[in-house]
Amino acid sequence: MADPVAPPSADDVALAAECALSLLETGDLDAAQLRAKEDPAFAVEIAWWQSCFAHLADTSIAPVMPPAHVRQAVLQSARGGKSPLRMWLKTTIAGLAGLALAAGITYFSLSSGLLDSEIAFDAMALLNADDRRLRIEAGLNAKTGVLTLARSQGRVAGDGLALQLWVVADGGAPVSLGLVPDETHWQASVPPLFRGVPLSLAISEEPAGGSPTGSPTGGILATGDLVAP
Amino acid sequence: MAQERLEDLIKRTAEGDLSAYEALYDASAAKLFGICQHVLSEPEQAEEALAATYGRIWNEARQFQRGPHGPTTWLISMARETAVAQLRGRSASDAGFAGVALSSRPEMPQPSVLAAFSDLPKDRKQAIASAYLKGANYTTLAQDLDVPTETARSWLRRALTALHDRVSNG
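Protein chains in written order, with the working numbering: chain B, 6 to 234; chain S, 58 to 227.
Don't read these hints as lab results, they were simulated from the structure.
Hints are supplied without guarantee of correctness; some may be wrong.
[Stated by the list, open to error] Dumping the calculated DSS-like pairs for lysine-lysine here, alpha-carbon to alpha-carbon at most 30 Å: (1) Lys-191(S) - Lys-42(B); (2) Lys-68(S) - Lys-88(S); (3) Lys-88(S) - Lys-179(S); (4) Lys-191(S) - Lys-179(S); (5) Lys-191(S) - Lys-88(S); (6) Lys-42(B) - Lys-179(S).
Can you make the complete structure from the sequences, with help from the hints?
Okay, structure coming up:
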């Protein structure tokens, strides 16, 4: 572990710059990613360089107005629209795999992961609260409204706290689907009014027993859109 | 746009506030598109990278608060990472260092950065710009310089150390 008082070595300064410039290849990259998670001084060096290069880019690259259709796709995607979402969902899931691997969590693909892959779901969602090492997969049967859920192992919430699952219909207020239980597999029921509209799921941290108000009161730890697989 | 306002928009985006996300897009998309275009010269590719960047911003806005960066640095880094990853045909977060939780912001005397960088010899400036904005790796840089890869590496590492010292001692 680096001496917190001593300034970084020239080697570390250069290595951190190489991280920020994406110049490291597999073996070196894996080692550096691991080190960044364990050595705050090294992480600060990388951040310093990221800031440096971002500032250079900020001052030297002229802004260019993107076409209107990109704006549309981006906003549509956040609202739960299907096709633009699929494009970045694939990128996001692949990206989450990388994050998970770096954090030492085994990654499961949506199709053969925490949920039973024999069951065909009409829509699936992935919620990832990676700093809690919590992953939840959800599969929806659109006809019955039954939501099947599977979560990664481990304690869900600290003392006096609980995690609560919410379903949100396009633009609407979150509706509770209950607390995340101790079991790793459970089911919830999506209210009939919600079936057939774009939905997303969210997890919030609440006092033990759940939100006293019927709406999320704590921080939202993860969200995920329910999309056709 | 003022950094405080951008920061507020990112935080509200992290809470799922769609109107904040929309305002964030409007405030930053031109800047980030300029960067995507720089990395990926084909219009369709640049547009795809921009859309993917905002997808990541929507999904990872929570990370912003846990990280050490100011809003502009965070947004630009997201765009650059996404675009370079797309250029290399890989997924964005594979090679990233996002998500590192830090409590303090690294000090960065910004005027010194510009001065120190512009004082660098041309070949060093070009190498750094190539790596940052063209996704160049050491093989490419070595070819550009017509030297063996290991030579390019030690040369660039020395240049980066010198840049760091100039900026730090500003």
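Now for the hints, and whether the structure bears them out:
no.: 1; hint: Lys-191(S) - Lys-42(B); verdict: 27 Å, holds
no.: 2; hint: Lys-68(S) - Lys-88(S); verdict: 19 Å, holds
no.: 3; hint: Lys-88(S) - Lys-179(S); verdict: 25 Å, holds
no.: 4; hint: Lys-191(S) - Lys-179(S); verdict: 16 Å, holds
no.: 5; hint: Lys-191(S) - Lys-88(S); verdict: 17 Å, holds
no.: 6; hint: Lys-42(B) - Lys-179(S); verdict: 35 Å, violated
Consistency with the previously given hints fails for number 6 only.
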